[in-house]
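Undergrad: In the working numbering, the protein residues as written are 66 to 311.
I should point out that these hints are in silico values taken from the structure, not numbers from a laboratory.
Just so you know, these numbers come straight off a predicted model, no measurement behind them.
A virtual CB, placed ideally from N, CA and C, is assigned to each residue, including glycine.
Among the clues, some could well be false.
Said to hold, decoys possible - With a Cα cut of at most 25 angstroms, we get these calculated SDA-like pairs of lysine to any residue: (1) K220 / L287; (2) K127 / A310; (3) K220 / Y139; (4) K277 / E175; (5) K290 / P130; (6) K270 / P280; (7) K183 / G265; (8) K277 / Q305; (9) K277 / N263; (10) K172 / K220; (11) K220 / E261; (12) K259 / D154; (13) K296 / P311; (14) K277 / D245; (15) K277 / R304; (16) K220 / V143; (17) K158 / R254; (18) K93 / L162; (19) K220 / Q303; (20) K220 / R304; (21) K214 / D154; (22) K214 / F233; (23) K220 / G289; (24) K259 / Y139; (25) K296 / K158.
Stated by the list, open to error - Ranges of calculated distance between the beta carbons of each label pair, as one might list FRET restraints: (26) K290 / D229: 18 to 26 angstroms; (27) R268 / R141: 21 to 29 angstroms; (28) K259 / L116: 47 to 55 angstroms; (29) D129 / P309: 17 to 25 angstroms; (30) K270 / D159: 29 to 37 angstroms; (31) A95 / K290: 29 to 37 angstroms; (32) G246 / E269: 12 to 20 angstroms; (33) K270 / P89: 26 to 34 angstroms.
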Amino acid sequence: MRRIVCVALLVGAAAAHAQEQRPPGAEKSARTEVLEAGAVALQDTEPVDQLSIWLVGFHPMKDDPSHQMEAHHYCRQVNEDFAQCALFDGSSKDARLNGIEYIISEKLFEQLPPDERKYWHPHNYEILSGQLVAPGIPQPAEHRLMDAKMNSYGKTWHVWMSGDEMPFGDPHLAWSFNRDGEARPELARERDRKYEVNSGEIREKRQDLVSKARPQCGVGALAGKFTGELKPIPGVEQRQEGCPAP
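Throw the hints in and build the complete structure from the sequences for me.
TA: Here's what the structure looks like:
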């Protein structure tokens, strides 16, 4: 009986969460559903079909680092140096499209005009801390994926802020966390619970990647914007040359 009650509560909570995610508007009509079914059967959706890599991490907004969100990246690796991702606020069918991210290698970052570099956040902390995960794939494959993203950078715009019922206002440039203590602990705790991953164990397994880390621009871009005890981790250092002013 207790198990039945627990399942019912979980189903109810999931349904309520899905309902909260839906934007205002009338339910789909039968005509709309028929048109959608026809489109699925007849139209080519190859660009979105290529978004085959799923990553889950966390983003603070650069202009307001207290605004932090779980970010689901559905990505296409265009070539060895460039990936493009659609961002959602969850992994269910009702998840809201809330941004885009482009991911480039260190090599491409070096080719950016100096004034462009201020838009690109570093990735080494996300990888080495265990914040960034690829749920569902075997650990060795995930490890190779993260190895390939060491020293990379991302340019991320979010257009739908957490708590808003619609995508209001201007896009927000997102950034990365770069010290322990910057991200709200409940973000990783809740993500780990949902997807049955362990950020702490993942961090330990990625320590062999520390030796591959090089100093990056943007590590100190949000210095002074967080409160509480902040701790640097090995492999995450601010680069001293060729970086925009914070």
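Undergrad: Against each hint, give a clear statement of whether it holds in the structure.
TA: Against the structure, the hints:
1. Between K220 and L287, the direct Cα distance comes to roughly 16 angstroms. Compliance with the 25 angstroms bound is thereby established for this hinted pair.
2. Note on K127 and A310: the hinted pairing holds, with a Cα-Cα distance of about 14 angstroms set against a maximum of 25 angstroms.
3. Pair hint K220 plus Y139 holds up; C-alpha atoms about 15 angstroms apart against a cutoff of 25 angstroms.
4. A threshold of 25 angstroms between alpha carbons decides the hint, and for K277 with E175 the separation of about 17 angstroms falls inside it, so the pair holds.
5. The hinted pair formed by K290 and P130 meets the criterion: a straight-line CA distance of about 7 angstroms does not exceed 25 angstroms.
6. Straight-line distance between C-alpha atoms of K270 and P280 comes to about 21 angstroms, which keeps the hinted pair within the 25 angstroms bound.
7. About 30 angstroms separates the Cα atoms of K183 and G265, which puts this hinted pair outside 25 angstroms; it is violated.
8. For the given pair, K277 sits about 18 angstroms from Q305 by alpha-carbon distance, which is consistent with the 25 angstroms threshold.
9. This hinted pair checks out: K277 and N263 have alpha carbons roughly 23 angstroms apart, not beyond 25 angstroms.
10. Simply put, K172 and K220 have alpha-carbon atoms about 15 angstroms apart, close enough for the 25 angstroms limit, and the pair holds.
11. Between K220 and E261, the direct Cα distance comes to roughly 28 angstroms. Violation of the 25 angstroms bound is thereby established for this hinted pair.
12. At roughly 14 angstroms between alpha-carbon atoms, K259 and D154 fall within 25 angstroms of each other, so this suggested pair holds.
13. Among the hinted pairs, K296 with P311 is consistent with the structure: their alpha-carbon atoms are about 19 angstroms apart, no more than 25 angstroms.
14. Among the hinted pairs, K277 with D245 is consistent with the structure: their alpha-carbon atoms are about 20 angstroms apart, no more than 25 angstroms.
15. Restraint check for K277 and R304: satisfied, since their Cα atoms lie roughly 15 angstroms apart, inside the 25 angstroms limit.
16. Between K220 and V143, the direct Cα distance comes to roughly 15 angstroms. Compliance with the 25 angstroms bound is thereby established for this hinted pair.
17. With a C-alpha separation of about 23 angstroms, the suggested pairing of K158 with R254 holds against the 25 angstroms cut-off.
18. Restraint check for K93 and L162: satisfied, since their Cα atoms lie roughly 18 angstroms apart, inside the 25 angstroms limit.
19. The hinted pair formed by K220 and Q303 meets the criterion: a straight-line CA distance of about 18 angstroms does not exceed 25 angstroms.
20. Taking the CA atoms of K220 and R304, the gap is about 18 angstroms. The hint holds against a cut of 25 angstroms.
21. A hinted pair counts as satisfied when its Cα atoms are at most 25 angstroms apart, and K214 with D154 qualifies at roughly 22 angstroms.
22. A C-alpha spacing of about 32 angstroms is found between K214 and F233, which places the hinted pair above 25 angstroms, so the restraint is violated.
23. Pair hint K220 plus G289 holds up; C-alpha atoms about 22 angstroms apart against a cutoff of 25 angstroms.
24. A C-alpha spacing of about 18 angstroms is found between K259 and Y139, which places the hinted pair at or below 25 angstroms, so the restraint holds.
25. With a C-alpha separation of about 37 angstroms, the suggested pairing of K296 with K158 is violated against the 25 angstroms cut-off.
26. Roughly 22 angstroms separates the CB atoms of K290 and D229, a value that falls within the hinted 18 to 26 angstroms.
27. In this structure the supplied range 21 to 29 angstroms holds for R268 paired with R141, their Cβ-Cβ distance being about 27 angstroms.
28. Range check, K259 to L116: Cβ separation about 20 angstroms, and the 47 to 55 angstroms hint is violated.
29. Distance hint check for D129 and P309: the Cβ-Cβ separation is about 19 angstroms, which falls inside the suggested range of 17 to 25 angstroms.
30. At about 33 angstroms, the beta-carbon gap between K270 and D159 stays in the expected band of 29 to 37 angstroms.
31. In this structure the hint that A95 and K290 lie 29 to 37 angstroms apart at CB is violated, the actual value being about 50 angstroms.
32. In this structure the supplied range 12 to 20 angstroms holds for G246 paired with E269, their Cβ-Cβ distance being about 19 angstroms.
33. Take K270 and P89: their Cβ atoms lie about 44 angstroms apart, and the range 26 to 34 angstroms is violated.
Violated hints, in rising order: 7, 11, 22, 25, 28, 31 and 33; the structure is consistent with all others.
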